[in-house]
Each structure stands twice: as structure tokens, then as C-alpha cells.
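Generate the whole structure from the sequences, applying the supplied hints.
Quick note, the sequence shown lines up with residues 13 to 82 if you use the working numbering.
These are calculated hints, taken from the structure and not from any lab test. Warning: the hint list may mix true and false statements.
Ranges of calculated distance between the beta carbons of each label pair, as one might list FRET restraints [unchecked claim]:
#1 15 x 52: 19 to 27 Å
#2 80 x 51: 29 to 37 Å
#3 30 x 82: 29 to 37 Å
Derived lysine-lysine pairs resembling DSS-like cross-links, with alpha carbons at most 25 Å apart [said to hold, decoys possible]:
#4 56 x 18
#5 14 x 66
#6 52 x 27
#7 14 x 56
#8 66 x 56
#9 66 x 27
#10 14 x 26
#11 14 x 27
#12 56 x 27
#13 18 x 66
#14 52 x 18
#15 52 x 26
#16 26 x 66
#17 56 x 26
Remember, predicted model here, so these are calculated numbers, not experimental data. Idealized CB from N, CA, C, for every residue including glycine.
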Amino acid sequence: MKYQSKEQLIIEFKKLLLENQINQREVAQRLNITPQALTKILNKQNFSFEDMQKLLSAINYQMLIDFIPR
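See below:
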């Protein structure tokens, strides 16, 4: 996947949830946070790769970052 925006990362994360039949409430439980706190993370302006890493970890995925020449 070519990174374009934080929104794209969130969409890809939600696709993983659908593919694995996991809902956001389950992710929140796995992170020991409320569903509302998860929503805040997903909607925050400064969503980071660290945030993404935590979310992916909760569903047993990891993020791989690769740099390639143009």
C-alpha cells in the first residue's frame, strides 16, 4: 500500500476488521479502553503511526514500512 493520508490508514484498518470479523468494540476491549476512546483515537487530527501500531497489535497484525526510490 502506498501511504497517502491518515484517513487511508484508518480505512485499511477497518477493512482488516471486516475481513477478520472483528468489530470496534472488540478492539476497544483488547486495548482496555472504551469504545468511545477508540473512536477518539480514530478521529484524532494527529493520528500517528504509533496509534496505528497499537490498533494493529490488538488484532494480531503488524505494520511494515518500506522506503523505495521513486
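Checked hints:
Hint check: residue 15 to residue 52, Cβ distance near 22 Å, so the stated range 19 to 27 Å holds. For the hinted restraint 29 to 37 Å between residue 80 and residue 51, the CB-CB distance of approximately 34 Å keeps it satisfied. A C-beta distance of roughly 32 Å is found between residue 30 and residue 82, which places it inside the suggested range of 29 to 37 Å. Between the alpha carbons of residue 56 and residue 18 the distance comes to roughly 10 Å, so the proposed pair stays at or under 25 Å and holds.
For the given pair, residue 14 sits about 20 Å from residue 66 by alpha-carbon distance, which is consistent with the 25 Å threshold. The straight-line distance between the Cα atoms of residue 52 and residue 27 is roughly 19 Å, inside the 25 Å bound, and the hint therefore holds. Annotation: proposed proximity of residue 14 to residue 56 holds, straight-line Cα distance about 21 Å (limit 25 Å). A distance of roughly 15 Å separates the Cα atoms of residue 66 and residue 56; the hinted pair therefore holds under the 25 Å criterion.
For the proposed pair residue 66 and residue 27, the alpha carbon gap of about 16 Å is at most 25 Å, so the pair holds. For the hint pairing residue 14 with residue 26, the CA-to-CA distance comes to about 17 Å; that is within 25 Å, so the pair holds. A threshold of 25 Å between alpha carbons decides the hint, and for residue 14 with residue 27 the separation of about 16 Å falls inside it, so the pair holds. Proximity of residue 56 to residue 27 is assessed by CA-CA distance (about 19 Å); at most 25 Å being required, the pair is judged to hold.
With a CA separation close to 15 Å, the supplied pair residue 18 and residue 66 stays within the 25 Å bound. With a C-alpha separation of about 14 Å, the suggested pair residue 52 and residue 18 falls inside the 25 Å cut-off, and the hint holds. With a CA separation close to 15 Å, the supplied pair residue 52 and residue 26 stays within the 25 Å bound. Taking the CA atoms of residue 26 and residue 66, the gap is about 14 Å. The hint holds against a cut of 25 Å.
Proposed proximity of residue 56 and residue 26 is supported: the alpha carbons are some 16 Å apart, at most 25 Å.
Comparing the model with each earlier hint shows no violations; every hint is respected.
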